[in-house]
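Peer 1: With the hints as extra help, turn the sequences into a complete structure.
There are 2 protein chains.
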Amino acid sequence: MSVLVVGSVALDSVETPFGKADTVLGGSGTFFSASASHLAPVQLVGVVGTDYPIDTLRDAFKSRPIDLAGLEFADGPSFRWRGRYRHDLNVAETLETKLGVFSNFRPKIPEQFRSAPFVFLGNIDPRLQLEVLTQVAKPKLVACDTMNFWIESRRADIITLLGHVDLITLNDAEARQLTDEANLVRAARWIMERGPKHVVIKKGEHGAFMFTESSIFFAPAFPLESVFDPTGAGDSFAGGFMGYLAKTGDLSDHNLRRAVVYGSAMGSFAVEKFSVQRLLEIRPDDIKRRVSDIHRLVNFEQEL
Amino acid sequence: MSVLVVGSVALDSVETPFGKADTVLGGSGTFFSASASHLAPVQLVGVVGTDYPIDTLRDAFKSRPIDLAGLEFADGPSFRWRGRYRHDLNVAETLETKLGVFSNFRPKIPEQFRSAPFVFLGNIDPRLQLEVLTQVAKPKLVACDTMNFWIESRRADIITLLGHVDLITLNDAEARQLTDEANLVRAARWIMERGPKHVVIKKGEHGAFMFTESSIFFAPAFPLESVFDPTGAGDSFAGGFMGYLAKTGDLSDHNLRRAVVYGSAMGSFAVEKFSVQRLLEIRPDDIKRRVSDIHRLVNFEQEL
Chain A
1 MSVLVVGSVA LDSVETPFGK ADTVLGGSGT FFSASASHLA PVQLVGVVGT DYPIDTLRDA
61 FKSRPIDLAG LEFADGPSFR WRGRYRHDLN VAETLETKLG VFSNFRPKIP EQFRSAPFVF
121 LGNIDPRLQL EVLTQVAKPK LVACDTMNFW IESRRADIIT LLGHVDLITL NDAEARQLTD
181 EANLVRAARW IMERGPKHVV IKKGEHGAFM FTESSIFFAP AFPLESVFDP TGAGDSFAGG
241 FMGYLAKTGD LSDHNLRRAV VYGSAMGSFA VEKFSVQRLL EIRPDDIKRR VSDIHRLVNF
301 EQEL
Chain B
305 MSVLVVGSVA LDSVETPFGK ADTVLGGSGT FFSASASHLA PVQLVGVVGT DYPIDTLRDA
365 FKSRPIDLAG LEFADGPSFR WRGRYRHDLN VAETLETKLG VFSNFRPKIP EQFRSAPFVF
425 LGNIDPRLQL EVLTQVAKPK LVACDTMNFW IESRRADIIT LLGHVDLITL NDAEARQLTD
485 EANLVRAARW IMERGPKHVV IKKGEHGAFM FTESSIFFAP AFPLESVFDP TGAGDSFAGG
545 FMGYLAKTGD LSDHNLRRAV VYGSAMGSFA VEKFSVQRLL EIRPDDIKRR VSDIHRLVNF
605 EQEL
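As you go down the protein sequences, you meet chains A and B in turn.
All letters in the first sequence, in the order written, are residues 1 to 304 by this note's numbering.
All letters in the second sequence, in the order written, are residues 305 to 608 by this note's numbering.
Please keep in mind that the hints were generated in silico from the structure rather than gathered at the bench.
Check before you lean on any hint, since a few could be wrong.
[What the hints assert, rightly or not] DEER-style ranges, computed between Cβ atoms:
| hint | chain 1 | residue 1 | chain 2 | residue 2 | range |
| --- | --- | --- | --- | --- | --- |
| 1 | B | Phe322 | A | Ala156 | 55 to 61 Å |
| 2 | A | Asp75 | B | Phe322 | 35 to 41 Å |
| 3 | A | Lys138 | B | Asp557 | 33 to 39 Å |
| 4 | B | Glu456 | A | Asn104 | 52 to 58 Å |
| 5 | B | Arg388 | A | Leu251 | 42 to 48 Å |
| 6 | B | Pro414 | A | Lys197 | 56 to 62 Å |
| 7 | B | Arg388 | A | Gln302 | 36 to 42 Å |
| 8 | A | Asp88 | B | Leu399 | 25 to 31 Å |
| 9 | B | Gly553 | A | Asp88 | 38 to 44 Å |
| 10 | B | Arg388 | A | Met1 | 49 to 55 Å |
Think of the CB as a built atom: it goes at the ideal place given N, C-alpha and C, for glycine as much as any other residue.
Peer 2: Here is the structure:
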């Protein structure tokens, strides 16, 4: 089963304590696709400008089941983000954001994408996320992401959106900001009361929680010896999570747990190199091994 | 088997967003004992001043296997700590520390404590921690804790100490400070190269890692809906960890993992009320249930 993702397709320039990358593939849609496509076919909807190196993207994704038919080419510059990480790799410092053609983006879902069983509404204006939902036919699962900017400027729209999604992914600071609850258990409940049956709260290097009405699941981030560039980890997490669900088509609690672990695994690969580089290199065995490593990391036997 | 703990026995005054407690039982030795004594007999070595409400302590510990024969009474005021937590409960703000008689503390291990198989050197001057080791006979396991103050002022002594302990517990900031490594995997390796076979890095609400030469284990902090007062969580963690090892006498990797989970469970109880209040209320069934809850929290089945 395929995953439809609507998100940004951007050009990133990133500086970390370990090096810098200039004008490389970035954006939530790009990371999500690079990640999810290891597990299921991906349909990407986004927009790029006239300066976008489309051949680089096509080349990067050439051996992947990523359908670019929903990638719109608009007049104007592409979305560009310039950021820096210092010693604390958990905190991105934005040096420059130029929305370019992304600021007028109105997602149009191609006919052949409208029956996608899994839909991920990447971090865009919640009004546009709602518009996407009017264009698709009854998906098996709809998930959305959001960010502080929209929580500040479009809070009411996010709350409307919550009534139309099955699952939301957001980070701990965003969960606290949206709900005004410092405690994540309460924050998750606040969100679930407004619609989603599942809330995934990402804590970066500190792992991720998945809350449902009856249970809480936690998966750690895999402790890597070298984290190179954290950009895109959250989107790669979402890609692994949705990709695994689309691959298996199973929405049971135990399968959702596995999906969170696949998310954590894919997020851990994303940070090992700049841009989507590492996500493009890895093979099915690498993913299996990482999932096993995460299992070993948390596994303990209770006494009888 | 019993656990010998050398640590502070203090009077705390704490303010959190949820209330305040004035001049209540505190100190690393106190929290450790209240926690570990659920699992194994505890021998506490510490010092209090003439103002210390010893009857309150005796009354609190009366139904517990805690031997207070090593509690010294010195002329002068008891160790007092006054602190506050704001919205971010992970960060303690120290308002006042009065070391009192603790500043001249020279631990004297009573004859009948000297053969304790499990020894925990709570967070005191590393020179005194080393002195304690000259007074005990070949324990099965020696663990120590430390803190930023000693890492700054007695770094060389801590490094000497590392050569004489089997395990160290410290928090993530302290691990980074001690090793000058931002990455915790590297920090743990740096420490293991200097002696300890096991390094437990506590991350407060973000859980704890246990590193050994051949494996990494992670246990989350249990996600509570109300964290009331984080004071003593780390010492209660250490108490649960050491208490479980002393109870079982088993130092295999799989048992050490369970010990970390017992640590996490006991830490999660400590923060539910002020001082050692909750640690004194709980019963064996509460602990079992919390350990099961942590198991459920991280448990997932790999695909076949």
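Peer 1: Find the hints from earlier in the document that the structure breaks and name them by number, from lowest to highest.
Peer 2: Checked against the structure, the hints that fail are numbers 1, 2 and 3, while the rest are satisfied.
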